[in-house]
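The listed protein sequences derive, respectively, from chains A and B. Residue numbers for the first sequence follow the working numbering, so the first one is 1 and each next one is one higher. Residue numbers for the second sequence follow the working numbering, so the first one is 748 and each next one is one higher.
Take these hints with a grain of salt, some might be off.
[Unchecked claim] Far from chain B, by Cβ distances over 12 Å, these chain A residues were calculated:
1) D150
2) F310
3) I342
4) A427
5) M585
6) S637
[Unchecked claim] Restraint ranges, calculated between C-beta atoms of paired labels, are given here:
7) B/T1112 - A/K596: 26 to 36 Å
8) B/R1196 - A/R247: 21 to 31 Å
9) B/R1083 - A/K596: 20 to 30 Å
10) A/N424 - B/G1105: 31 to 41 Å
11) A/R247 - B/G1105: 57 to 67 Å
In short, the hints are calculated from the structure, not lab data. Virtual Cβ for every residue (Gly too), placed ideally from N, Cα, C.
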Amino acid sequence: MTDSLSLPQKVRRYLRSVPHARGTTLSLLLLSGLLATHRGFAQSAADRTEISKNPAAASGKGFTLSDKDRSHWSFLPVQSPSVPTDAAHPIDAFLQARLKAQGLRPNPIASKRERIRRACYDLTGLPPSPREVEDFDADASPNAWEKLIDRLLDSPHYGEKWGRHWLDLVRFAESNSYERDGAKPHAWRYRDYVIRSFNADKPYDRFLREQLAGDEFPDPSPDAITATGYYRLGVWDDEPADRELARLDALDDLVTTTGQVFLGLTIDCARCHNHKLDPIPQSDYYRLLGFFNNINPYKNGGPTDELELFNSPAERESHRDRINELNRQRADAAGRVKEFEIRIRQELARESANGTASSDAKTKPTEDEARRALGPDTFATYAEAKKSLETLQKQSLPVEKALAVTEAGTSAPETFILLRGNPNLKADRVEPGFLQVLGGLDPVIPPPGKNAKSTGRRTVLANWIASRDNPLTARVMANRIWQHHFGRGIVTSPNNFGFQGDKPTHPQLLDWLASAFIQSGWRMKSMHRLIMTSAAYQMSSRGQPEALRVDPANDLVWRFNMRRLTAEEIRDSFLVITGTLNPKMYGPGVYVDIPKEVLAGQSIPGNGWGHSSEEEQARRSIYIFAKRSLITPILESFDLAETDRSSPVRFTTLQPTQALGTLNSQFVNREAGILAKRLQHEAGGDLAAQVRLALYLATSRTPTEKEIRRGTHLIETLQSQEHTSPETALKYFCLTVLNLNELVYLD
Amino acid sequence: MSHFHPPLSAESRNFCRRTRREFLWEAGAGFTGLALTGLLNLDGFFASTANAEPTAGKRVNPLAPRPPHVPGKAKSVIFLFMYGGPSQVDTFDYKPELYRLDGKTIAVKTFGRGGKKNEGRVVGPKWAFQQYGQSGKWVSDLFPHLATCVDDIAFLHSMTADSPIHGSAMLQMNTGKILSGSPCLGSWVNYGLGSVNENLPGFVVMLDPTGGPISGAKNWSSGYMPATYGATLMRSTGDPILDLHRPEGMSEAVQRRLLDTLQDYNADHLATRPDNSNLAARIASYEMAFSMQRHAPEVVDLTQESTATRELYGLDDKRTEDFGRRCLLARRMVERGVRFVQLYAGGAHNDDNWDAHGDLVKNHTYHAGRTDKPIAGLLKDLKQRGLLDSTLVVWGGEFGRQPTAEYAAGTGRDHNAYGFTMWMAGGGVAGGTTVGETDELGAAAISDRLHVKNLHSTVLTQMGLDSDTLTYFYGGLNQKLVGVEGADPIRSII
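With these hints in hand, go ahead and build the complete structure from the sequences.
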């Protein structure tokens, strides 16, 4: 086995095997991750020996915390550092202190046009309309920028943009993956809950408590119930090879997602053994799992996965009353019918005794028999009674339901450490508990109340995570907010604040942001205002020769980072530019047309994919039904988040198949045709005016004369040299515009 | 491509702008620093395009070819996926005892979709076996053509997998994991080696005409890796790649004019942002797309193939035409540098694939009948062209089938992941060899037990990649195709 090699042996072997690597420095190996890999190996081999000698060692018993472990930066309490005096805005002060030390100067403020575009995409995921650009341009007041930010934060599109970041993190999808990839019931309500929560500026501590334990709130609101859909979003195999393993895999998904999303820690690495890199013993993993162990396994529907939603206890009461009333009416009606039937049977029995007819008392009387026995008038009353019973039986009292979590009662099963993660190798029993490195207190779990339906364990966990004393929660979320404004986090591994994660580039700034976040009452919108009013956020993204030489990666934030639009932003922008975006919010997922070549990849082409009207298909991408095995091509091509695991950072790949899609696909060509019609409608018959409008819509800036001439030249050449009709030539120009780098890259 | 850039130069650090995992991806690394070498390579693309604009940006192609860890025997893989699970005892795993036991109920542990059982009624093999080649390999009458190739084949009789259920077993055969969401074998190969042909994808999947396998795209996705490493579906007739063809009515000349105009706009945009290499890369990607449109259809144009070649693959027979065409396309793709080609024999559900729960004879006669000659043709053609040594051919399903009947009556067999047969040929694998055994019933592997991971490790090894050091940093861990425990390649056949 290769694992048995020592680290130096492995490095030597590697250097031998790779001619180029000879003479390379240690830093190269570190950079490449090679040492990290081999460190993992070395420990793996050692661990295995340890397991064979002493099984208990693997279960966390041999684990001791060192001072170094406890003093890892992200485990220390959040500090409130004093703000340097270098600049008016605290964020700029922190950044400029570092820049000065390197002899660098921050970029100047970007143009108004660049800034409004940046702000609109960052807060709403949509480009500004020409009117919005003009208004902002014309607003010479000193607080024009602040007004713009406030206006965008008030836009309902804000929740659609920032909700999407959250959906990436919690592996949101509306189907289960695997053979059937069946639809999860009401999963869209969770998506809507997230959008509404962001729009309402719900405090983050409440937002996370709702998702982890909303069902355990007193008189939980529909939001609190819907939020717990968080637990039901993962993949699910309806015919696992090993049921107990599948149950543990589902719990592992919860430990993994909860650890990475809320705490920025890969606690899941301690499922089979003590964490290789972070000070997390295997026992910590199972103590955390203990909070979830009583959750009813997912079944894709039914009373353990779907809960009814009521706005108040009174509403629940009144629904119950209506059901009782309906049941009473049903019983009454059934009683009336029964009375008639007794009469009929008695009558028929008499006939039978007289020898005039035979009758079987056990079977229901036929219509003829009933008519004969009752006579025409009474028969009519009987028929009416029967009909009324049928109607009542068919009647239902629909009530909205949500995908939600439930537990198997108020007492939890025991939780055991599993050696090597194997369900058959139970070691010590553990009680729910927090991470040792963060203090590791054994939580006190209050006895469940009289009407409780669950253990209350998740509430205890949620409160611990949501505590302002938890050193990770506020830091992790403040970092995510920064990440989605600046294109990268202060910690560039947003789901990993552990030893293997990246160190913060500006630790003091991160702590300052985290404490500001808590002080704001965990309000996201305050953070957006705070960050976006800094000079750093408003800087130009252009290069400076000296800064590019000293800090090409922009670690010190001397400029704003350009970014490519996300998959949704690209598709949604096309709809805005063509003027067809349907701003309708919320509700069940939308099915856009998917080419038959892509549907052919399914074992039953088209299975589980509906058809929505053209108007519905023009809605924002966040409303497209999230089917794990069938992703809309343009979204997949531009790096939609992977749906099966928490996805903290979107890739931005560059591949020729993207260009094929935006040049040749039916969708983009259709959009180009619609844009051409819009130009004709809004810019009149003047070609230059049409070109000007198209470029303006795509870039939010007035094009130069040269750029306009380039467009008109193309349209005229296509007609004169390629015999293209005027309409088609304009459409082709529109197709060109939809492919501009300036459209998909933000300054 | 052999020039080496110090990775901490300003230039290379340019790529380290986002998360660590993204950096590692953009650097194409995670396993060795030398992968940076290939990535920082400029292939002179800008100088050669019709619309050459001097740009300061350097092109970063994540699929640029990279040297292997050690020189590999194979350059490409053709994975013939017998979806549904062929029965080993009716194909290549000769069990003479089993004929005698036909109809008898015996004690045998099985685990299939019908759950775990301790006894069952034996269904004797429905085909006779004969010995072939110098190796004297026993092959059933289902494969008269393939039987003539046994001396080029290494048979793996002791394969095992973790699940006897299609969904999870398919995922494991393709990604190593029974859980959804991990990259495929083909993704790992392209991640490790890149692709040498920019006009074709590096990882191609061709489906059965009856439809995709269950779980659809999950079987060829890049999981937690960037989409760059996912497979491209190619079709054997019509438009081979989605959106490869220009919109109806748009000539190449028209499109060229559009692109020239687009690139003029893009060049102006780039001029004031010259340090952003992504802008230049996106400009280049349009030229690559244009070039793909020209060259990719050529690969599916079989008019260039001789009548003899077409007949070798069975293109003259309706029964074998479809799979034969796809086998021939696979050869044409590996000739053009495609790293990983996967062909599905069987699609959709039930008897549209090898999933013989009902009438075993009817099912296997059909599926063997339409693939036997094409596969033999592929092996012979690769050999006569000198391509077999550099092309690793893998044959098998997600599991095998049980020696006993699934139901009280009939010949249908349930799934079996305790023991089944796969085979490999070419790519430096020793032909005429056999590894491992199942018990005398063919129910479970008993000697030299092999796991799917060993198969994956062997594929990587033959491609010059080390399955223990080919890692991708994700979720706080250096992920491997073969999992944290690792897996050895099957040394006795390499």
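Structure-based check of all given hints:
Every CB of chain B is more than 12 Å from the CB of A/D150 (nearest about 30 Å), matching its label as outside the interface. Against chain B, the non-interface label of A/F310 holds: every CB pair exceeds 12 Å, the least being about 35 Å. Its beta-carbon lying about 48 Å from the closest one in chain B, A/I342 satisfies the requirement of being farther than 12 Å from that chain. Every Cβ of chain B is farther than 12 Å from the Cβ of A/A427; the closest lies at roughly 19 Å, confirming the non-interface assignment.
The Cβ of A/M585 lies farther than 12 Å from every Cβ of chain B, with a closest approach of about 29 Å, so its non-interface assignment holds. A beta-carbon of chain B is positioned within 12 Å of the beta-carbon of A/S637; the least distance is around 7 Å. The hint said 26 to 36 Å for the Cβ distance between B/T1112 and A/K596, and at roughly 31 Å that hint holds. At roughly 27 Å, the beta carbons of B/R1196 and A/R247 sit within the given window of 21 to 31 Å.
Taking the beta carbon of each, B/R1083 and A/K596 are about 27 Å apart, inside 20 to 30 Å as hinted. Our hint of 31 to 41 Å for A/N424 and B/G1105 holds, since their Cβ atoms are close to 35 Å apart. Taking the beta carbon of each, A/R247 and B/G1105 are about 32 Å apart, not inside 57 to 67 Å as hinted.
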